[in-house]
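Enquirer: For the protein sequence lines, the chains are A and B, in the order given.
1 is the number of the first residue of the first sequence in our numbering; add one for each residue after it.
1 is the number of the first residue of the second sequence in our numbering; add one for each residue after it.
FYI, nobody ran anything at the bench for these hints, they're computed from the structure.
These figures come from a predicted structure and were not determined experimentally.
Each residue gets a CB set at the ideal place from its N, CA and C atoms; glycine is no exception.
Incorrect hints may appear among the rest.
Stated by the list, open to error - Not the full set, but computed from the structure, chain A residues with beta-carbon under 7 Å of chain B:
hint, residue
1, R43
2, P44
3, L46
4, F89
5, L94
6, K101
7, F104
8, T106
Said to hold, decoys possible - Anything over 12 Å on all C-beta distances counts as not near chain B; from chain A, calculated:
hint, residue
9, D17
10, S28
11, G55
12, L66
13, S74
14, E79
15, D84
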Amino acid sequence: GENVEQHPSTLSVQEGDSAVIKCTYSDSASNYFPWYKQELGKRPQLIIDIRSNVGEKKDQRIAVTLNKTAKHFSLHITETQPEDSAVYFCAAPLYGGATNKLIFGTGTLLAVQP
Amino acid sequence: ETGVTQSPTHLIKTRGQQVTLRCSSQSGHNTVSWYQQALGQGPQFIFQYYREEENGRGNFPPRFSGLQFPNYSSELNVNALELDDSALYLCASSPVPGQGQAFFGQGTRLTVV
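Extracted from the complex, chain A is given alone in its bound form (with noise of 0.2 Å):
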């Protein structure tokens, strides 16, 4: 089975500025990987998702990059707001591709600061 590790478990930024958040994967049959946002107390949202085929992409201030050869990829969001202020959880297939039977990343606590 897959194990993900995810790195840094908190995080504090000034509003503006970048936050890169990064996972790494063990399983070289994985092939699909998404990023989940969870606000305190709410449920975890779908924000990004990559897979195998492509390196990065982009969807306005977050993109996902991804290096197969050395399992890992990494969230990036620009232009940090304090509504980006969340847990961000990385994700990857339990079980080679079963996409949504998915294993998660301990989590990284973005705090952006006005």
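Based on the hints, put chain B in the right spot on chain A.
Expert: Relative to the frame of chain A, chain B by itself:
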């Protein structure tokens, strides 16, 4: 909003009791997965249901069981509750089994005392 709804939102049970949690999947989604999220941790995969059958299971004991109904809604049952079962239980629906994105409901907060 994802269209995935769960009930109840909060629940308090006593150790040793049994509990049933419910989930209605998003319209058009036939696959439901259940996750347990302990405080300060990421969600952990419990199992997935497709066509009323279990379709994959994580590292959870048999006292965690589930059902899926013809309308794709699902139940999670936990017997012989333990204090460590206290967590947020999340349901996620997907359009097909094993593929596609997972969209979560708001969860049920279970407290075992």
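Enquirer: Next step is simple, just say for each hint if it's right about the structure.
Expert: To see whether the hints hold, each was checked on the structure:
1. R43: Holds - the Cβ of R43/A comes within 7 Å of chain B, reaching about 4 Å at its closest.
2. P44: holds (5 Å)
3. L46: OK, holds: L46/A within 7 Å of chain B, min 6 Å.
4. F89: holds (5 Å)
5. L94: holds (6 Å)
6. K101: Check passed: Cβ of K101/A comes within 5 Å of chain B, closer than 7 Å.
7. F104: holds (3 Å)
8. T106: holds (6 Å)
9. D17: holds (25 Å)
10. S28: For S28/A, whose nearest Cβ neighbour in chain B is about 18 Å away, the distance exceeds 12 Å, so it holds.
11. G55: holds (20 Å)
12. L66: holds (16 Å)
13. S74: holds (17 Å)
14. E79: Per Cβ check, E79/A is outside 12 Å of chain B; nearest 26 Å; holds.
15. D84: holds (19 Å)
Of the numbered hints stated above, none is contradicted by the structure.
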